[in-house]
Structures are given as structure tokens and as C-alpha cells.
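Undergrad: What follows is the residue order along each chain.
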Amino acid sequence: MLAAILVMAGIGLTMGAILGWASVRLRVEDDPLVEKIDAILPQTQCGQCGFPGCKPYAEAIAKGEAEINKCPPGGAEGIKRLAELLGVEAPSSEGMEHKPKAVAVIDEATCIGCTLCIQSCPVDAIMGAAKQMHTIIAEQCTGCELCLPPCPVDCISMQVIKEDVATWKWRYPAHIMQRAA
Amino acid sequence: MTRRLHPFNGGIHPAEHKAESNASPIREMPLLPRYVVPLRQHIGAPARALVQAGDRVLKGQMIGAPEGYVSTAVHAPTSGIVLAVEPRAVPHPSGLFDLCVVIESDGGDRPVDFQPLDWRALDPSALRNRIREMGLAGLGGAVFPSYIKLNPAGQRVHTLILNGAECEPWITCDDRLMRERAAKIILGVEVMRHTLGCRTVIFGIEDNKPEALAALAAAIPADMEVVAVPTLYPSGGGKQLSYLLTGVEIPSGGRSTDVGIQVFNVGTAYSLYRAVHLGEPLLSRVVTVTGHVVQPANFEARIGTPLSDLLAAAGGPLPGATDEIIGGPMMGFELMDRAAPVTKSVNCLIVKNPELFPARPAALPCIRCGACARACPADLQPFEMYWFSRAKDFGKAQGYNLFDCIECGCCAYVCPSHIPLVDFFRFAKSEIWEREQEKRSADQARQRHEFKEFRLEREKREKAEKFAKAAEKQKETTAAGGDGAADAEAEKKKAILQAALARAQKAKEGVTPKNTENLSPAVEKEIAEIDARREQMGAKAEGSEG
Numbered sequence: 001m002l003a004a005i006l007v008m009a010g011i012g013l014t015m016g017a018i019l020g021w022a023s024v025r026l027r028v029e030d031d032p033l034v035e036k037i038d039a040i041l042p043q044t045q046c047g048q049c050g051f052p053g054c055k056p057y058a059e060a061i062a063k064g065e066a067e068i069n070k071c072p073p074g075g076a077e078g079i080k081r082l083a084e085l086l087g088v089e090a091p092s093s094e095g096m097e098h099k100p101k102a103v104a105v106i107d108e109a110t111c112i113g114c115t116l117c118i119q120s121c122p123v124d125a126i127m128g129a130a131k132q133m134h135t136i137i138a139e140q141c142t143g144c145e146l147c148l149p150p151c152p153v154d155c156i157s158m159q160v161i162k163e164d165v166a167t168w169k170w171r172y173p174a175h176i177m178q179r180a181a
Numbered sequence: 001m002t003r004r005l006h007p008f009n010g011g012i013h014p015a016e017h018k019a020e021s022n023a024s025p026i027r028e029m030p031l032l033p034r035y036v037v038p039l040r041q042h043i044g045a046p047a048r049a050l051v052q053a054g055d056r057v058l059k060g061q062m063i064g065a066p067e068g069y070v071s072t073a074v075h076a077p078t079s080g081i082v083l084a085v086e087p088r089a090v091p092h093p094s095g096l097f098d099l100c101v102v103i104e105s106d107g108g109d110r111p112v113d114f115q116p117l118d119w120r121a122l123d124p125s126a127l128r129n130r131i132r133e134m135g136l137a138g139l140g141g142a143v144f145p146s147y148i149k150l151n152p153a154g155q156r157v158h159t160l161i162l163n164g165a166e167c168e169p170w171i172t173c174d175d176r177l178m179r180e181r182a183a184k185i186i187l188g189v190e191v192m193r194h195t196l197g198c199r200t201v202i203f204g205i206e207d208n209k210p211e212a213l214a215a216l217a218a219a220i221p222a223d224m225e226v227v228a229v230p231t232l233y234p235s236g237g238g239k240q241l242s243y244l245l246t247g248v249e250i251p252s253g254g255r256s257t258d259v260g261i262q263v264f265n266v267g268t269a270y271s272l273y274r275a276v277h278l279g280e281p282l283l284s285r286v287v288t289v290t291g292h293v294v295q296p297a298n299f300e301a302r303i304g305t306p307l308s309d310l311l312a313a314a315g316g317p318l319p320g321a322t323d324e325i326i327g328g329p330m331m332g333f334e335l336m337d338r339a340a341p342v343t344k345s346v347n348c349l350i351v352k353n354p355e356l357f358p359a360r361p362a363a364l365p366c367i368r369c370g371a372c373a374r375a376c377p378a379d380l381q382p383f384e385m386y387w388f389s390r391a392k393d394f395g396k397a398q399g400y401n402l403f404d405c406i407e408c409g410c411c412a413y414v415c416p417s418h419i420p421l422v423d424f425f426r427f428a429k430s431e432i433w434e435r436e437q438e439k440r441s442a443d444q445a446r447q448r449h450e451f452k453e454f455r456l457e458r459e460k461r462e463k464a465e466k467f468a469k470a471a472e473k474q475k476e477t478t479a480a481g482g483d484g485a486a487d488a489e490a491e492k493k494k495a496i497l498q499a500a501l502a503r504a505q506k507a508k509e510g511v512t513p514k515n516t517e518n519l520s521p522a523v524e525k526e527i528a529e530i531d532a533r534r535e536q537m538g539a540k541a542e543g544s545e546g
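Protein chains in written order, with this note's numbering: chain A, 1 to 181; chain B, 1 to 546.
Calculated from the structure, these hints are not laboratory results. What you are looking at is a predicted structure, and each value in this text was computed from that prediction instead of being measured. Where a beta carbon is used, it is the ideal one built from N, C-alpha and C, also for glycine. Where hints are given, some of them may not hold.
Beta-carbon label-pair distances, calculated as ranges [what the hints assert, rightly or not]:
no.: 1; chain 1: A; residue 1: Ser157; chain 2: B; residue 2: Phe403; range: 34 to 40 angstroms
no.: 2; chain 1: B; residue 1: Phe403; chain 2: A; residue 2: Thr14; range: 47 to 53 angstroms
no.: 3; chain 1: A; residue 1: Glu139; chain 2: B; residue 2: Pro111; range: 35 to 41 angstroms
no.: 4; chain 1: B; residue 1: Arg374; chain 2: A; residue 2: Lys36; range: 38 to 44 angstroms
no.: 5; chain 1: A; residue 1: Trp168; chain 2: B; residue 2: Pro365; range: 26 to 32 angstroms
no.: 6; chain 1: A; residue 1: Pro152; chain 2: B; residue 2: Pro111; range: 24 to 30 angstroms
no.: 7; chain 1: B; residue 1: Phe403; chain 2: A; residue 2: Pro152; range: 45 to 51 angstroms
no.: 8; chain 1: B; residue 1: Glu28; chain 2: A; residue 2: Ser157; range: 49 to 55 angstroms
no.: 9; chain 1: A; residue 1: Leu13; chain 2: B; residue 2: Lys392; range: 50 to 56 angstroms
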């Protein structure tokens, strides 16, 4: 009887010690959920969700303080993936206009070199210096439109990225399947 | 010695239709008044235009420079004037326009000075660079820049396979090339073998081309092998042919070089011969024009030849012709615009008519018969990939190794429900590629955003530190001044004050007020009286106070 109790207690203590050690040694530093949500968000850093960037929005979602349908660039696809990740029903994406992908373009003849757009760009995709012409690095531009309001001479416009031979995608063979129906 | 073959699973045997175009020799296309040369003719980054409208160019002059690693050069097919560098119709399934150099021929066809290469003496890296500048790309259809494939990059390549299978129906350009120019192909293969440093060289040719087999067998040196492989589509697929000839399977997602095998098309070997032995860049290729045309044949057409001219050279379409296919009927695509030119990837132009190419019957639901899986030469399960691609569940489609699909079309060919399976796989692949691209740019944006935040934070911190430092310095100077400089200042002030006081004292002592001098005795008496009274009053006040 005593032996049995001692054995059980011994096992319990050993297990407890291992668990205690593991909880300290293998502790997860950050909330991994935030990282997972952030990985789904499109990283335009546009602030249309009402948060100053994608990471703060991800943090708010993780805390349950924000709805998952506040990200227009992510679109319905993004909502679906967030809903899948969080195990919730996907809320409607209604009222969320899905714009085609675009990049900002500076009319370099009009630019006065005020640097206001450079300061507003969340991804440092604008090159230039005070009283020097500015230009946008198109490959880095996320199309967030944050540089549009600060420009005092309205020389920045959004240009929709046109499909070319390199970015063209094969279409869903819907027309072929419709005939079958 | 006969090599033991290792048949791959699946495959189909569609009607060959080779006889239409393989009977007559390759015809040289006459010099045309105008050529349209696309800058994107190969896998990878498009070439960068080196000319602009109005420039004079010579035949073989580089008009597009390779940009980046996976890229190769583009050359002027003849001498003349550049009319424009603008988007034009190109042979692409999208029908979209792409940047092209339009050249108007001056009729002289004057070439630049072609310099043959001393390839045995040249450093392999220098030789590859020259091949890059010569614009060589795989002519089998994938148009991967050849100089990269000629670089073993640390991997030991022991076997070089020359792909002359030409398994797609209708196409006969490699067949004619092997029959007519076998010796020159072998000269090109020698260069390949030298650059790759491999010993074994095997030509794989389908047994429906006995003349080509005979021509090559007669031309090869003793240390090369020509192997007849059974006619079974798609034996000309790189992975299928290397398995067929060596029995070595290329791992999923891998390249043939992972198992020490490199595969080149025979046409590429021929253009390598021209590049190295004649110093001539890739200016032309052999193209089959066949189907419902007056005179099906193979043409040596310069890169940039408008397909409408090529069609006209074959006598034009016969009455009843509908549209055209670029490439073979299995893997090719519909030509959208006949103004599109011959590029390095265009090996065949087929004119369709309703008898030869009946309309595909309407697709019916999948009955899960598994015929597609039996026909798949890549050992995949097309029906599984189809369901998930159709449902846009791309992750699961990828789980069934969608990217090992070579889009050969065997599954769609055998499907009793006539489902266009390959269309779904192409759709799924391009969606997945786009998502991957988006993921990459999102990751980059995240990184840049985080760095900007870090930078702003750092700037703020640095500014604060600078201010703190400046304030401290100010304080230090004040404190240090109290001991030294400020002290001296105070001393000086004191000295001045002292001097002033001394002067005043001196003045007081030395000089009596002038108004008390020379007074009348009456006035003096009055003063004395007043003084006495003051003293009295003072004493009184003191007394009363006291």
C-alpha cells in the first residue's frame, strides 16, 4: 500500500517537474496567433481598417477587439482565410469595395519636393529629398494611397496595374463546363 | 549495343500526322520586308531593348541585352532600320501584346562580323557568357536559357541526352533537321559535352523517324549512342525520355541535373553549332507549317518572321480552314493574331479545319473511372487534382503534386467525359503562382514597414540622445565656468568696484567742499549754531529712544 502510494507520488512529482521545466524552457515568446493573422493580412499598411498598419490590426483581431472584415485589400478571400484560421463564421464582405491593384505614380513635373509623401509612405517606397523631385519605387509600392492626401500639389495619382504577358493567368475553364451543365 | 529501355507508365498514341510535312526538305524563307522581334522570347526576365526607333541595325546585332541571370539576348534577324520598339502581337495564349522591336529590312541583309569561337581553348565560364550573348535558348518549346543548362554548377552531369523524340503529332521540324543536318548537330553536341564535362551521350528518337535515326547513326562518333524509342506520346517529355533511356527517375520538384542527367533538344544543339563554329547568334529556327494548308512543309524562318508570312509561304490555308494552333495539338495553344511573329519557342503552326480538329464534345461530369490516372506519364492522379482545382482548393491540389504535371494532355485525351483537365491544372498553377508572388511582396512590405518603424524609433531616440548630450554639455560648461572663468570675472568686477571706492575715499579726504570756504564770520557762526542744535536734537532723540 505504502509502496504504491510512494510510486504514484514519485511519478506525479517527476511528471510535474518535467511539465514545470517545459513550461519555462519551451515557453512561446509572442502570441503566435498574431503572427498567423499578420501573415494572412496583405501588408499594404493602408490603415483602412482603422488601425495604424497590419500588425496592430492583427493584434486587435487576436484580442477579439476588431472584426475580421475590415480589410478591403484582403478582400473576401482574406476574410475567408481569417475565418478559417479563427474558426469563426466568415462575416459578409459587403460594403467593401474591392479595387484593382494599383501603384502610385508621381507627376514629376508638378512635384515641388516637399517630402510630405515620403514621410507618409509606410514602406519607404518613395525616393527623394527636400526640394528634389520625388519618385515612387513601383515594385515596393503597396498601393495604400496614404501618400495622396498629404501632397500639397496633388501630383500623385493611382495607376491600375495592367495585365501583361508575364502576369497573365489562365482563366477558370467555366465556359467549357457551362456547356456540360 | 542496344540499350535496355525503361518504359514509363501511361502515355497515349494519337494519330501521328507526320507524313504531311516531313517529305520535303527544309525550305529557306525569303528575306521579308519587315520583322517583329519580341524581347521576351525565353523563360525568365525579358531582354532590355538596346535600340530605339530610327536606329540602323545589322544582321546579328544584339538588339536586346540579357537582364538578370535567367535571361538571354535577342538579335536583329536582318539589316535595316528600327521602325519602332512597341507592344505588338506575340504568340502567347493570352493574345496580349508584348514589347517588340520592329525592323524594316534594307534588303542588303548585311551581317555584323561573326567570329567563330575557339571553344576548346575558351574558359567554360567565358564560353557560357558568349552563348548567353548569342541568345541561345532551348528550342524544344520551354525556351530556357541554354547557358544556364550548360553550367553544371557543382552538380556532376554524367549523361547528356539529346531529345529528338518529337512525340507530338504533326510536328516534324526536328525530324527534318536530324535528317539533313546530323553532322552539324553532332558538332554542337561536342560543345555541350565539353562544357558539361560528361562522357555518355544518348540521342533519343522515336521509332517513327527511321530516316532521322539512320542519318544520326551514320554521323555519330563511336562514343555516342542513338537509341530508337517506341512511338508513345509523351516520350519527348524531358523526365519521360530520361527515364526511358536510363531508368533513373527525376525526383518530384527536382531537375534532371539532380540525378546527373542533362537534356537538350536536337535543335538547340544545331543552333549551338552555329553559335560556336560560325559565331552566329540564334537568328532562325526550323518551323513546321502543316494541317489544312496548300503545301505543308518545314521552313527555316528567321526569328521575328510574321506568322502570316510563314503561312503564305506554305501556300496559305485551304478553303474551309478555321483557326491556327501554335505548337502541337496536345500542348499548343490557339493563335490569336496572325501578325504575331516566329519566336524561339514556335516550333509548329497548324491550320485547323473541322474534319482534322473536330470540336471537343461538351464536358460531362467526372465518373471517377481512373482512365486519366492510367494515362498519366507523371504518375499523378489527375481526377483528384481536377476536383480540387475546380473547387479552387489549391492547397489540396498541390498536395496531389500538381506541380509535377507536365501539362501533356494525356488525361484530357483519354477522358470519356471530355473534361478539359489540363485547362484546370493550368488555371490552378497560375493561381498558385500569383498567390506565391503576392505572399512574397507582402513579406517584403512587412519587412519594409517594420524597418521604417524601427528607423523612426531610432531617429527619435538619436535625437533625444543628442539633446540630452547637448544639455549635459551646457550644464558642464556652466559648472566649470563657476570655478574658473566666472571667478576671474567676479574678481575683475570686485577690483573695479574697489578702485571706484578708493577713488571716492581719496576725493573725500583730499578735497573739501568749496561752498564752505571763504565764508563770512556771521555765516560760520550760523553754521556752528545749526550744527550744535543738530547735535542737541540727536542727543535728545537718542535719549528718548534709549
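Undergrad: Work down the list of hints and note, for each, if the structure agrees.
TA: Evaluation of the provided hints:
Between serine 157 (chain A) and phenylalanine 403 (chain B) the C-beta distance comes to about 39 angstroms, which sits within the given range of 34 to 40 angstroms. For phenylalanine 403 (chain B) paired with threonine 14 (chain A), a C-beta distance near 48 angstroms keeps the hint of 47 to 53 angstroms intact. Checked against the hint of 35 to 41 angstroms, the C-beta distance between glutamate 139 (chain A) and proline 111 (chain B) comes to roughly 38 angstroms, which is consistent with it. Range check, arginine 374 (chain B) to lysine 36 (chain A): about 41 angstroms between beta-carbon atoms, so the 38 to 44 angstroms window is met.
Taking the beta carbon of each, tryptophan 168 (chain A) and proline 365 (chain B) are about 30 angstroms apart, inside 26 to 32 angstroms as hinted. The hinted range of 24 to 30 angstroms is not satisfied by proline 152 (chain A) and proline 111 (chain B), whose Cβ atoms lie roughly 57 angstroms apart. The hinted window of 45 to 51 angstroms between phenylalanine 403 (chain B) and proline 152 (chain A) holds, with their beta carbons roughly 50 angstroms apart. Checked against the given bound of 49 to 55 angstroms, the beta carbons of glutamate 28 (chain B) and serine 157 (chain A), roughly 51 angstroms apart, stay inside it.
For leucine 13 (chain A) paired with lysine 392 (chain B), a C-beta distance near 53 angstroms keeps the hint of 50 to 56 angstroms intact.
The structure does not agree with numbered hint 6 stated previously, though it agrees with all others.
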